[in-house]
Structures are given as C-alpha cells and as structure tokens.
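There are 2 protein chains.
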Amino acid sequence: MTTAINRQFRLASRPVGDIKESDFEYREEPIPTPKEGEILIRNIYLSLDPTNRIWMTDAEQYMPPVKLGEVMRGITVGVVEESKNQNFKKGDFVSGMLGWQDYAIAFGDSGNFITALPNPLSVPLTAFLSPLGGTGCTAYFGLLDIGQPKAGETVVVSAASGAVGSIVGQIAKIKGCRAVGITGSDEKCQWLVNELGFDAAINYKTADLDKELAASCPDGIDVYFDNVGGSILDAVLKKINLNARIPLCGLISSYNSQKPVPGPYNYSQILMKRARVQGFIILDYIPRWSEAITEMGQWLKEGKIKYSLEIVEGLENAPKAILKLFDGNKNGKLIVKVSEQP
Amino acid sequence: MTTAINRQFRLASRPVGDIKESDFEYREEPIPTPKEGEILIRNIYLSLDPTNRIWMTDAEQYMPPVKLGEVMRGITVGVVEESKNQNFKKGDFVSGMLGWQDYAIAFGDSGNFITALPNPLSVPLTAFLSPLGGTGCTAYFGLLDIGQPKAGETVVVSAASGAVGSIVGQIAKIKGCRAVGITGSDEKCQWLVNELGFDAAINYKTADLDKELAASCPDGIDVYFDNVGGSILDAVLKKINLNARIPLCGLISSYNSQKPVPGPYNYSQILMKRARVQGFIILDYIPRWSEAITEMGQWLKEGKIKYSLEIVEGLENAPKAILKLFDGNKNGKLIVKVSEQP
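Line by line, the protein sequences are chains X and D.
All letters in the first sequence, in the order written, are residues 1 to 342 by UniProt numbering.
All letters in the second sequence, in the order written, are residues 1 to 342 by UniProt numbering.
Worth flagging that the hints you see were computed from the coordinates, not collected in a lab.
Glycine included, each C-beta is placed from N, C-alpha and C at the ideal position.
A hint or two may mislead.
[Unchecked claim] Residues of chain X clear of chain D, computed beta-carbon distances all greater than 10 Å:
hint : residue
1    : Glu60
2    : Val71
3    : Ser268
4    : Gln298
[What the hints assert, rightly or not] Quick list of in silico lysine-lysine cross-link-like pairs, DSSO-like style, CA-CA up to 30 Å:
hint : chain 1 : residue 1 : chain 2 : residue 2
5    : D       : Lys67     : X       : Lys238
6    : X       : Lys259    : D       : Lys20
7    : X       : Lys205    : X       : Lys238
8    : D       : Lys259    : X       : Lys205
9    : X       : Lys238    : D       : Lys90
10   : X       : Lys20     : X       : Lys211
11   : D       : Lys324    : D       : Lys173
12   : D       : Lys173    : X       : Lys238
13   : X       : Lys211    : D       : Lys67
14   : D       : Lys211    : X       : Lys67
15   : X       : Lys67     : D       : Lys238
16   : D       : Lys35     : D       : Lys20
Using the sequences plus the hints, can you model the full thing?
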C-alpha cells in the first residue's frame with residue numbers, strides 16, 4: 001500500500017454559470033500517514049449534492065467556500081485503514097466530510113464531521129449517504145421540525161424525485177398527509193406515485209403548473225418543502241393556505257445563474273397568508289442526527305421508506321457526474337463509487 | 001339629530017397604481033337606527049393605514065377586499081349615541097372597524113371588531129388608534145412574538161418614523177436591544193434618535209444603504225421588522241446574522257405598483273443564514289390584544305413610549321389625506337378627525 005497513490009480532485013476555478021469539468025484539477029499525492037490521535041480512511045462512496053455548487057462559489061454562505069487549490073469538499077463513507085485513535089480500529093466504517101479523493105486523514109486540523117457507523121452494518125453502506133445520511137436527515141428535520149405537518153394537511157415538495165425530495169414525500173405519507181411531488185419527467189412522476197406512494201406528481205416541464213397544482217391540491221398547500229426556488233416557488237405561493245410553512249432547503253434553480261435572480265414575485269403571499277419561510281442547513285441538526293437515524297432506520301426496516309440510487313463508477317468520473325445534479329438527468333441519490341467495500 | 005345626515009365615502013373604483021381621490025365617492029345617507037342588540041356609534045377619529053390600500057384591491061388578501069360601492073373600510077374610535085345592547089350605554093367610547101363615515105351601526109350583520117374602551121379614558125382617545133390600538137399591537141406582537149429579540153441583539157426597522165415603526169424601535173430599546181431605524185428624511189432621523197432614543201437612523205433616500213447599515217449595525221442584524229420590502233429588504237438581507245428573524249408586516253414599496261414586483265434578489269440569504277421570514281396580520285392577535293394594551297399602557301404611563309400624530313381635520317379630507325401614507329409626507333400616525341370628542 002505504501003506505493004499506492006491518493007487520487008484527488010482539487011478546485012481549479014470557480015464556475016461561472018454551469019459547472020465545467022475543467023473547474024476541477026486532477027492530482028496524485030502520496031497516501032498520507034496518520035499522526036497520533038488521527039485515522040486514515042479509504043473512501044468507498046462519495047456523495048454528490050446540489051449544495052456542492054454553493055461551496056464552489058466565493059459568496060457569503062453557510063460554510064466557508066472551498067478555496068482554490070483545495071481538495072473538493074464532499075461527504076463520503078469509508079473504511080478505517082489505519083488508526084492512531086483509540087476510538088477507532090482498522091476496518092471500522094465511518095462517514096464524514098472527507099473530500100473528492102481516495103484517502104483522507106480525519107481529526108487533526110480538519111473539521112470533517114466524522115461519524116462512526118454501526119459495525120456490523122445494519123443496512124447497505126450506501127444507505128448512510130442517503131436515507132440514513134445527510135439527505136435523509138435533511139428531509140426528516142426540514143419536514144418535521146420546520147414544516148410541522150399535521151395529519152390531513154397537504155405537503156408539496158419540489159425536486160421530488162431527488163434524494164431529499166423523495167424521502168420528504170414518504171415521511172409526509174407516514175405522518176398522514178397528502179403528498180404531492182413536483183419533478184421533471186413523466187417517468188419520475190410514475191415512480192413517485194406508483195413506487196413511493198405519493199398521492200400525485202406533476203411534471204413541471206410539461207404541465208400548466210397553476211392548473212395541475214389546483215387539481216392535485218384541492219385543499220390548498222400547507223407545507224411546501226422548497227428545494228428549487230424560482231418559478232415553481234411562485235406557482236406554489238399562489239396556492240398556500242393560511243399559516244403555511246415553507247422549509248427552505250435549496251434554491252437549485254438559481255445556483256448556476258450568472259446574473260442576480262429575483263426572489264419570488266408572489267413574495268407578498270407570505271404576508272397575506274401569514275406564512276413562514278425558514279431556511280435551514282442540516283449541519284445545524286448534527287446534535288440531533290441520532291434521533292432521525294433511529295426513526296428513519298426503523299421505517300427503512302419496515303419497508304416504509306424506499307430510496308433509489310444512481311451510482312457512478314470511479315472517482316475519475318466525479319467531475320462529469322456532478323453535472324447530472326443540474327440537468328435533471330438522474331433519479332434518486334447520486335453517488336460515486338470510489339473503491340471496493342471490504 | 002334626526003335631521004342630520006351621515007356623510008360617507010364609498011369605494012368608487014379600484015386604484016391602478018397610486019390612489020386617486022376619485023377612487024372614493026361622497027354620499028349622504030340618513031343616520032341609521034339601531035335595532036335590538038345593536039348600537040349607533042358616532043365616529044370621532046378615523047385611522048388611515050397602509051393596509052387600506054390592500055383592501056381597495058381585488059386581489060387575494062387577508063380579508064375580503066372592500067366591494068365597489070361599499071363604505072370604505074377603516075378603523076375608528078367613536079362614542080355610543082344610542083344603545084339597544086345591554087353591554088353598552090350612551091356615552092361609552094368604543095373602537096372598531098366602522099368605516100369612512102360619520103355614523104355606524106355595530107353588531108347585527110357586520111363583523112366590525114368592536115372593543116369597549118375604558119371609561120373614564122385613561123389616555124387621550126387618539127392613543128387607542130396608535131400605541132394602544134392596531135398599530136401599537138402590530139408593533140408589539142410583530143416584534144416580540146415573531147421577532148423574538150434578545151437583549152443585546154440588533155433590531156432594524158423600516159418605515160421607522162411611521163406609526164408602527166416608531167413603536168417597534170422603542171420596544172426594542174425597552175428590551176435591551178440596539179434599535180436602528182430606516183426612514184426617508186434627515187428630520188425624521190433626528191426625531192428617531194433624539195426624541196425616541198433609537199441608537200441610529202438612516203435616511204434611505206440619501207444614504208449608501210450598504211455602507212450605512214454596516215456602520216449602524218456593527219454586529220449584524222438579528223431582527224428586521226419589515227414594513228416596506230423592495231430594495232431596503234435586499235440591503236438588509238446582506239447583513240443578517242445566523243438565525244435572523246424577519247417579521248413581515250408590510251410591503252408598502254409595492255402596494256401601488258402596476259406590474260409584478262420581484263421578491264428580494266438576496267432571497268438566498270434566507271437559506272444561507274437559516275433565517276425565518278414570517279408574515280403576520282394583527283387581526284390574528286385580537287384574542288391577545290389585552291396583553292399588549294396592558295403592557296403598552298404601562299410603558300406609556302412611565303413615559304417609555306412616545307408617539308406622534310398627524311391629525312387631519314374633517315372627514316371630507318380623508319381621500320386626499322390617505323395619499324400622505326405613500327408619499328412619505330407625514331410623521332407618525334395619520335388620523336382624520338371626524339367629529340368633536342364629547
């Protein structure tokens with residue numbers, strides 16, 4: 001192993017508009033050696049998430065942006081290859097913010113949010129990047145803690161076939177709500193309704209959104225879990241009920257924009273309907289993750305939560321794969337397989 | 001009195017852009033006679049409020065719009081002239097939604113939010129249209145219930161010299177916060193700082209708003225009490241702190257607009273800063289008004305809350321006076337004197 005290398009992608013340039021493959025620079029480094037208290041992790045799966053686009057931009061945001069020349073930030077699951085920390089031993093599975101690379105050192109200088117995973121694994125390793133990882137916790141806390149849906153209410157979610165959205169709708173159903181998804185193809189609509197149990201799904205690319213929302217939400221909209229912003233938010237705002245809650249999880253429609261994007265034209269509906277729009281970032285909930293993971297784990301076991309993965313083979317394909325997040329050309333959670341699971 | 005008339009202004013046309021005097025039609029009607037259970041009230045003061053503009057528009061809103069031909073809706077204080085209701089007697093003071101007219105009947109068909117005022121009056125009658133009326137309660141619940149300021153935090157309020165804004169800043173000071181007002185003239189700025197005790201005030205018409213906000217809010221902005229929306233909201237969003245709260249009270253910058261107004265360009269800050277934007281309407285708090293009036297009454301007596309009135313003489317001047325709400329040409333609460341206080 002000492003002759004092996006650590007393949008990395010570093011941030012080479014900040015994207016203007018869409019991400020380009022050339023925004024990442026491929027590098028080969030020696031495999032690092034852990035110091036006292038540290039562990040060496042081999043990444044097995046790398047999560048690709050819309051929020052990665054935010055990290056690439058030098059703008060005010062919820063974490064410092066990735067610096068030019070730094071290894072691209074990313075959440076991974078991996079296995080401990082070498083431990084100089086008494087809490088971990090070789091062979092343990094962990095998740096953390098370990099970046100677009102084969103190997104990473106945890107602890108030491110870097111705040112990389114390491115979490116130990118159960119050993120033996122109770123569910124497939126990839127589940128910890130999806131329903132039992134950041135995306136699942138995002139759906140869980142965003143919907144339940146911020147959206148506070150009550151049984152009988154109508155929950156609408158955008159980017160509904162995505163990693164977060166698909167789980168939001170399923171939790172809404174578990175809680176006795178009507179779940180309506182907005183997504184970008186008829187196939188995705190069918191998957192949401194037939195496989196995941198959504199009450200209705202709307203293909204925003206072909207639908208008259210006002211008309212379809214009215215038909216799908218005969219009692220109006222009580223909770224809108226917003227992943228996209230833009231014109232879909234505007235259409236939803238026209239249909240919200242009194243005291244609606246809008247957990248603001250993402251604004252993917254604007255991430256690649258090169259000019260300032262206006263907020264919703266129907267912003268005044270927040271006033272008229274006494275609605276609440278609340279931004280949240282899953283990192284704020286880290287102290288409460290076990291709460292979500294326990295309940296979600298139970299739902300997974302009972303078959304109440306299904307999830308779909310799109311796994312891209314090989315770290316070398318990460319710079320191309322991330323584009324799929326923005327062109328609608330994927331279904332479910334996007335993951336890059338970096339190395340073999342032991 | 002039986003030969004006297006009831007002067008009224010009725011809604012003649014829905015304003016396109018700015019309100020015009022011709023949007024109101026003057027009418028003379030006989031003074032109505034109360035039936036069993038009803039009371040006849042003579043209006044003494046009529047409150048003019050930015051929200052009146054919303055009521056004139058046939059758009060989705062928090063109450064039904066005023067119908068064409070109906071007496072223009074307005075909040076008044078008045079005196080009972082004749083009572084066929086055992087809870088009221090001639091000479092009692094009341095406030096309610098009694099419209100732009102000399103006389104009104106309360107109860108019966110109309111939901112006109114009648115509240116009995118203390119007898120004898122503990123404060124001037126006009127106070128019940130300002131710090132102890134809807135405007136004071138709006139400031140109180142919007143700031144304290146929705147904004148939830150903590151001592152040491154920075155509270156910014158727009159339309160700060162207005163009826164609501166001027167009270168918001170003073171309550172913020174009582175609660176140990178830094179209070180910063182945004183208003184439209186240097187004279188108003190001086191009044192806020194020198195008379196009302198704001199820590200700083202910004203004239204948005206002449207200031208470099210970004211620069212002045214940075215100077216006035218060295219620790220960022222924790223609560224933004226928004227009365228105006230528009231470009232001021234955009235400037236504030238750039239400076240909000242983590243978990244900022246934005247009680248959304250009004251959007252006066254857009255009420256007269258003839259074309260769709262975009263929401264804030266910095267809407268994404270709500271996500272990045274995990275902020276909360278929450279619309280509210282004071283009518284939702286009617287069950288809790290006594291809470292506000294008790295505490296505000298105490299602060300008034302102790303001289304901790306000051307307020308300014310602009311009183312326009314004569315109901316006949318109401319259609320012209322309401323324009324002052326939108327041209328910035330007033331200071332404090334705008335009230336029309338309809339008849340003499342007994």
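Taking the closest pair, is the beta carbon of valine 71(X) still more than 10 Å from chain D? Correct as stated: the minimum Cβ-Cβ distance to chain D is 23 Å, above 10 Å.
Just to be careful, I want the Cα atoms of lysine 67(D) and lysine 238(X) compared with a cutoff of 30 Å; is the pair within it? holds (22 Å)
Decide if the proposed pair is consistent with the structure: lysine 173(D) and lysine 238(X), CA atoms, cutoff 30 Å inclusive. Roughly 37 Å between the alpha carbons, so the hint for lysine 173(D) and lysine 238(X) is violated.
Is the straight-line distance between the alpha-carbon of lysine 324(D) and that of lysine 173(D) 30 Å or less? Distance of about 28 Å is within 30 Å: holds.
Within a Cα-Cα threshold of 30 Å, do lysine 35(D) and lysine 20(D) meet the stated pairing? violated (36 Å)
Checking one constraint from the list: CA of lysine 259(X) to CA of lysine 20(D), max 30 Å. Satisfied? violated (37 Å)
For the pair supplied as a hint, lysine 20(X) and lysine 211(X), confirm whether the alpha-carbon distance does not exceed 30 Å. violated (37 Å)
Is lysine 238(X) within 30 Å of lysine 90(D), Cα to Cα? violated (46 Å)
Please check whether the beta-carbon of glutamate 60(X) is more than 10 Å away from every beta-carbon in chain D. violated (6 Å)
For the pair supplied as a hint, lysine 211(X) and lysine 67(D), is the alpha-carbon distance within the 30 Å limit? holds (27 Å)
Would the least Cβ to Cβ distance between serine 268(X) and chain D come out above 10 Å? violated (5 Å)
Can we trust that glutamine 298(X) is non-interface, i.e. its beta-carbon lies farther than 10 Å from all of chain D? holds (28 Å)
Consistency with the previously given hints fails for numbers 1, 3, 6, 9, 10, 12 and 16, ordered from lowest to highest.
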